[in-house]
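Asks: Take a look at the letters that make up each chain.
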Amino acid sequence: MRLLKRLAVNKLAVIGSVFILLFVLCALCAPWLARVDYGFMDLYHTLQTPGGGHLMGTDAMGRDIFSGILYGARTSVLIGFCVLCLGGLLGAVIGVLCGFFEGKLDLMLMRVIDTMMAFPTILLALLVIAIIGPGLKGAVAAASIAQIPRFARIVRSSVLKTKKMEYIDAYYVLGQSKANILFKHILPNGIAPIIVQATLTFGESILIISGLGFLGIGADPMSAEWGAMLSNARTYLITAPHLAIFPGLAIALTVLGFNLLGDGLRDALDVKEN
Amino acid sequence: MVVLFFTSIVIFLIIHLIPGDPATIFAGAGATADQVEAVKISMGLDKPLATQYLTWINGLFHGNLGTSLSSRDPILPVLAEKLGNTLILSLSGIILAVLVGLSLGIVSALKHNTLIDVLSMIVAIIGISMPIFWIGMLLVIVFSINLGWLPVTGNDTFLSYLLPSITIALNSTAVITRMTRSSVLEVLGEDYVVTAVAKGLKKRTINLVHVLKNAMIPIITTIGMQFGYLMGGAVLTETVFVYPGLGRYLVDSIGKRDYPAVQAAILALAVIFIVINFLVDSAYYLLDPKLKEE
Amino acid sequence: MAATDKILEVRELKTFFFTKKGVAKAVNGISFDLRQGEILGIIGESGSGKSVAVKSLLQIVAKPGKIVSGEILFKGQNLLKDAKAMDKARGRDITMIFQEPMTSLNPVLTIGRQMTEGLIQHFHASKKEAAEIACHYLSLVKIHNPQDILARYPHHLSGGMRQRVMIAMALSTKSSILLADEPTTALDVTIQQQIIYLLKELREQLRTSIVFITHDMGVINEIADHTAVMYCGRIQEYAATYDIMKNPRHPYTQALLEAIPSIDADQEVLRTIPGFVPSLLSLPPGCSFSNRCRYCRQICTEREPDLTEIVPGHQVRCWNYAAAGPQEG
Numbered sequence: 001m002r003l004l005k006r007l008a009v010n011k012l013a014v015i016g017s018v019f020i021l022l023f024v025l026c027a028l029c030a031p032w033l034a035r036v037d038y039g040f041m042d043l044y045h046t047l048q049t050p051g052g053g054h055l056m057g058t059d060a061m062g063r064d065i066f067s068g069i070l071y072g073a074r075t076s077v078l079i080g081f082c083v084l085c086l087g088g089l090l091g092a093v094i095g096v097l098c099g100f101f102e103g104k105l106d107l108m109l110m111r112v113i114d115t116m117m118a119f120p121t122i123l124l125a126l127l128v129i130a131i132i133g134p135g136l137k138g139a140v141a142a143a144s145i146a147q148i149p150r151f152a153r154i155v156r157s158s159v160l161k162t163k164k165m166e167y168i169d170a171y172y173v174l175g176q177s178k179a180n181i182l183f184k185h186i187l188p189n190g191i192a193p194i195i196v197q198a199t200l201t202f203g204e205s206i207l208i209i210s211g212l213g214f215l216g217i218g219a220d221p222m223s224a225e226w227g228a229m230l231s232n233a234r235t236y237l238i239t240a241p242h243l244a245i246f247p248g249l250a251i252a253l254t255v256l257g258f259n260l261l262g263d264g265l266r267d268a269l270d271v272k273e274n
Numbered sequence: 001m002v003v004l005f006f007t008s009i010v011i012f013l014i015i016h017l018i019p020g021d022p023a024t025i026f027a028g029a030g031a032t033a034d035q036v037e038a039v040k041i042s043m044g045l046d047k048p049l050a051t052q053y054l055t056w057i058n059g060l061f062h063g064n065l066g067t068s069l070s071s072r073d074p075i076l077p078v079l080a081e082k083l084g085n086t087l088i089l090s091l092s093g094i095i096l097a098v099l100v101g102l103s104l105g106i107v108s109a110l111k112h113n114t115l116i117d118v119l120s121m122i123v124a125i126i127g128i129s130m131p132i133f134w135i136g137m138l139l140v141i142v143f144s145i146n147l148g149w150l151p152v153t154g155n156d157t158f159l160s161y162l163l164p165s166i167t168i169a170l171n172s173t174a175v176i177t178r179m180t181r182s183s184v185l186e187v188l189g190e191d192y193v194v195t196a197v198a199k200g201l202k203k204r205t206i207n208l209v210h211v212l213k214n215a216m217i218p219i220i221t222t223i224g225m226q227f228g229y230l231m232g233g234a235v236l237t238e239t240v241f242v243y244p245g246l247g248r249y250l251v252d253s254i255g256k257r258d259y260p261a262v263q264a265a266i267l268a269l270a271v272i273f274i275v276i277n278f279l280v281d282s283a284y285y286l287l288d289p290k291l292k293e294e
Numbered sequence: 001m002a003a004t005d006k007i008l009e010v011r012e013l014k015t016f017f018f019t020k021k022g023v024a025k026a027v028n029g030i031s032f033d034l035r036q037g038e039i040l041g042i043i044g045e046s047g048s049g050k051s052v053a054v055k056s057l058l059q060i061v062a063k064p065g066k067i068v069s070g071e072i073l074f075k076g077q078n079l080l081k082d083a084k085a086m087d088k089a090r091g092r093d094i095t096m097i098f099q100e101p102m103t104s105l106n107p108v109l110t111i112g113r114q115m116t117e118g119l120i121q122h123f124h125a126s127k128k129e130a131a132e133i134a135c136h137y138l139s140l141v142k143i144h145n146p147q148d149i150l151a152r153y154p155h156h157l158s159g160g161m162r163q164r165v166m167i168a169m170a171l172s173t174k175s176s177i178l179l180a181d182e183p184t185t186a187l188d189v190t191i192q193q194q195i196i197y198l199l200k201e202l203r204e205q206l207r208t209s210i211v212f213i214t215h216d217m218g219v220i221n222e223i224a225d226h227t228a229v230m231y232c233g234r235i236q237e238y239a240a241t242y243d244i245m246k247n248p249r250h251p252y253t254q255a256l257l258e259a260i261p262s263i264d265a266d267q268e269v270l271r272t273i274p275g276f277v278p279s280l281l282s283l284p285p286g287c288s289f290s291n292r293c294r295y296c297r298q299i300c301t302e303r304e305p306d307l308t309e310i311v312p313g314h315q316v317r318c319w320n321y322a323a324a325g326p327q328e329g
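Chains as they are written, first to last, in the numbering used here: chain A, 1 to 274; chain B, 1 to 294; chain C, 1 to 329.
Just so you know, these hints were derived from the structure itself, not from any lab. Do not take every clue at face value.
[Claimed, not checked] List of simulated lysine to aspartate or glutamate pairs, EDC-like, C-alpha gap at most 20 Å:
| no. | chain 1 | residue 1 | chain 2 | residue 2 |
| --- | --- | --- | --- | --- |
| 1 | A | Lys11 | B | Asp34 |
| 2 | C | Lys84 | C | Glu100 |
| 3 | B | Lys203 | C | Asp93 |
| 4 | C | Lys63 | B | Asp252 |
| 5 | A | Lys161 | A | Asp220 |
[As the list claims (entries may be wrong)] A few chain A residues that face chain B, going by a derived Cβ cut-off under 8 Å, partial list only:
| no. | residue |
| --- | --- |
| 6 | Ile122 |
| 7 | Leu126 |
| 8 | Gly203 |
| 9 | Ser210 |
| 10 | Asp220 |
| 11 | Pro221 |
| 12 | Met222 |
| 13 | Leu230 |
| 14 | Thr235 |
| 15 | Pro241 |
| 16 | Gly248 |
| 17 | Ile251 |
| 18 | Val255 |
[Unchecked claim] Simulated restraints on C-beta separations:
| no. | chain 1 | residue 1 | chain 2 | residue 2 | range |
| --- | --- | --- | --- | --- | --- |
| 19 | B | Gly84 | A | Leu4 | 48 to 58 Å |
| 20 | A | Lys161 | C | Ile299 | 49 to 59 Å |
| 21 | A | Val93 | B | His112 | 47 to 57 Å |
| 22 | C | Glu45 | B | Glu186 | 21 to 31 Å |
Every residue, glycine too, gets a C-beta built ideally from N, C-alpha and C.
Looking at chain A on its own, in the form it has when it is part of the complex:
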């Protein structure tokens, strides 16, 4: 496809895609790549530096860090998808409602959306966690809610822009129903910025979830989640810095991959910021 070609020219986007592929591979092949289960605690070999059977060393409870990274990838992939679906769909629905119907509904909803966007994501997430309670479910809900405004904005502006195009009027005059026009003509035109946002959202959600995990109010601190692993690493910064390096590196590289790809897609699809 012409799109793939334009994308391939952007070397950074290619690198990003490679990172993402690695990430997905880790997630998929975790059970086979990991030598031991993350839950297995080898209490004779705690806080080991990398080497000798443990590719990335072990943590304070003797758990293999490498397998933590691999299973953490799994967690992140799943979470990313959930956030994308929940936040993306809800946001898109709001965006379509606002864009299509305009008027008072639009004004009201957009005010809410704008207020949400003015809040730092962490804060928003904190609030949601405060209400729902800590844990993975809360974290996913929080991250999803944080993404809603972005999708809403993008979809809304897409709908508004396409609505104003003259060919839409033409279809309407020719007798096509409003719903038909919406699904057949308006939405497909707005796909490009949505794809870009989806890519970036995946990366962002990983950052939020790991941030919440780091604070101890996200994923279970015992589970294989990169943020939680980093939180555990804090106590041992002096004695075992490798505990902090690997999970953070995993987060950074994965998010970088999504950001690079997202940027590349934005250029290739020629999407402009609002």
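Use these hints to put chains B and C onto chain A, whose structure you have.
Replies: Same frame as chain A, now just chains B and C:
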């Protein structure tokens, strides 16, 4: 003003959505039902919601933000202190971010597609991908543990502010750099810049006056937003560096179910956001002549 | 200086664009003279190189464009060799106005600021002096409340008014040469007429020479003393406008004139020029118009003709100018 009022209602309602009964917590474990009931009455929790809200608002106007459930102390002085701390952190962070971000962004745009441009863009995109708490920990590992130059925690000496400020600034620097670069690039492609060049104006004049004045408009919004993010998002940095700021206070309060404290903290943050938003809007007004009319 | 003194001499100017896809020869060797007080019209379709040509005169061609060779003699100095002289002349002795008045003025600066900054920089005038000069020129372009206008922003003015401001701005430095890159194309017809009339008046008053670019034969006819027809980066025909209109000798010029729909003649089909403009990245050997020319012969596809003076003051770049003999006007 209306926004503030509206916001306070929203905050109040949200807080009351949080599960858990403050009275039970306050009374402590092992309290009998009667004792809990007594506490409830003394806290005014038996009254209807609207009354509770009005009591709260009334208290606000008298400078009384309520009493912390966990520490039994009035919240206001504690909050003020934490708020001040976070403000210092955020301010130093944003100043750093603006200084570095603006310069890097402008240079990148002016030297479009050269090595320096590509490099700073790569650094910028790495900057927005790295989790802030990880950066903090890395800096601690390098500068505090290995090199022993800077202290890890606390906020007593000037040096102790250094690492947290840099950490918190990193993300924003990257965002500001990218925004600046794209804004300047866009302006550079405009017709009126060609006119200015054709008029034989000095390059410095063109860049400083014609280009920047136009480019700054979206950049200012970004800076404002970033400052807001710093204020609210400081929680992660504060946790890494055990910095006594508002973010940590908020997280701790949520964890302890200290509702009055949570309410007060969120209100404070909300006020700050509204003020920042207002300032950014005003800046917009001043920069863009088209808005001055309206 | 005598009225017929040459103020600008351009010799074999070449400006190429070095793109990833190859070298586009946008201006491929043009030469012309400009006399004081003369209005030279350059006509050509999009891509003919006319815009790049005038931008090259000011040396403001954007990358990846680059002036490759040639001479631009202004008041005896070769501006291509003397950067200082060019910097001095740019925006002062040689000024330019552009096609899009809606976007050619800076939206966040007042008109006054934009009109006076050039004066302040080039002449070290004080703000007050510069403002006075600006007002003077604004009234020359028939703007009735110059003091008011100086304090306003571009978005307060209509397209026609903005273009007048640009003209005033360009002339306020007492420039000898005004380069006008399709200044009327983006305006509606009535305003177009006003601007053309205005420019002619100003030429009379100030004796400024004007290089006027357009794709519109009608406009050329109204404003230009001499006309150069450009195609694929070369001047194909040059003569006094009257001669070009009455006696076009280059097949391209003839085709352009024929393509103008006539209000009296009984036309069924609009006349067009068959074929396509060749890509500037790969110009054909020989005459660049050969693939569309009705008189095309063997030699046309092999060797490019030189500019020959068939009659004093009338030059044509064509092997067939004899065959493409005198036509009906």
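Asks: A separate judgement is required for each hint: does it hold in the structure or not?
Replies: Structure-based check of each hint:
1. The straight-line distance between the Cα atoms of A:Lys11 and B:Asp34 is roughly 70 Å, outside the 20 Å bound, and the hint therefore fails.
2. With a C-alpha separation of about 29 Å, the suggested pair C:Lys84 and C:Glu100 falls outside the 20 Å cut-off, and the hint is violated.
3. With a C-alpha separation of about 19 Å, the suggested pairing of B:Lys203 with C:Asp93 holds against the 20 Å cut-off.
4. Taking the CA atoms of C:Lys63 and B:Asp252, the gap is about 57 Å. The hint is violated against a cut of 20 Å.
5. Among the hinted pairs, A:Lys161 with A:Asp220 is inconsistent with the structure: their alpha-carbon atoms are about 44 Å apart, more than 20 Å.
6. A least Cβ separation of about 5 Å between A:Ile122 and chain B falls short of the 8 Å threshold, and the interface hint therefore holds.
7. Hint on A:Leu126 holds. Least Cβ distance to chain B is approximately 7 Å, under the 8 Å limit.
8. For A:Gly203, the suggested interface contact is upheld, since its CB lies about 7 Å from the closest CB of chain B, less than 8 Å.
9. Interface hint status for A:Ser210: upheld, as the beta-carbon distance to the closest one in chain B is roughly 6 Å, under 8 Å.
10. At a threshold of 8 Å, the smallest CB-CB gap from A:Asp220 to chain B is about 15 Å, leaving the interface hint violated.
11. Look at A:Pro221: its Cβ only gets to about 13 Å from chain B, farther than 8 Å, so that hint breaks.
12. At a threshold of 8 Å, the smallest CB-CB gap from A:Met222 to chain B is about 18 Å, leaving the interface hint violated.
13. Hint on A:Leu230 holds. Least Cβ distance to chain B is approximately 6 Å, under the 8 Å limit.
14. Taking 8 Å as the C-beta contact cut-off toward chain B, the hint placing A:Thr235 at the interface is violated, the least distance being around 11 Å.
15. With its C-beta approaching chain B no nearer than about 5 Å, A:Pro241 sits inside the 8 Å limit, and its interface hint holds.
16. Here the hint on A:Gly248 is kept, as its CB sits about 3 Å from the closest CB of chain B, short of 8 Å.
17. For A:Ile251, the interface hint holds, the least distance from its beta-carbon to any beta-carbon of chain B being 5 Å, beneath 8 Å.
18. Given the 8 Å rule on beta carbons, the hint for A:Val255 holds: about 4 Å separates it from the nearest Cβ of chain B.
19. For B:Gly84 and A:Leu4, the hinted distance range of 48 to 58 Å is satisfied, since their beta carbons lie about 53 Å from each other.
20. With their beta carbons about 55 Å apart, A:Lys161 and C:Ile299 fall inside the hinted range of 49 to 59 Å.
21. Between A:Val93 and B:His112 the C-beta distance comes to about 40 Å, which lies outside the given range of 47 to 57 Å.
22. The hint said 21 to 31 Å for the Cβ distance between C:Glu45 and B:Glu186, and at roughly 30 Å that hint holds.
The structure fails hints 1, 2, 4, 5, 10, 11, 12, 14 and 21 (numbered hints given earlier, in ascending order).
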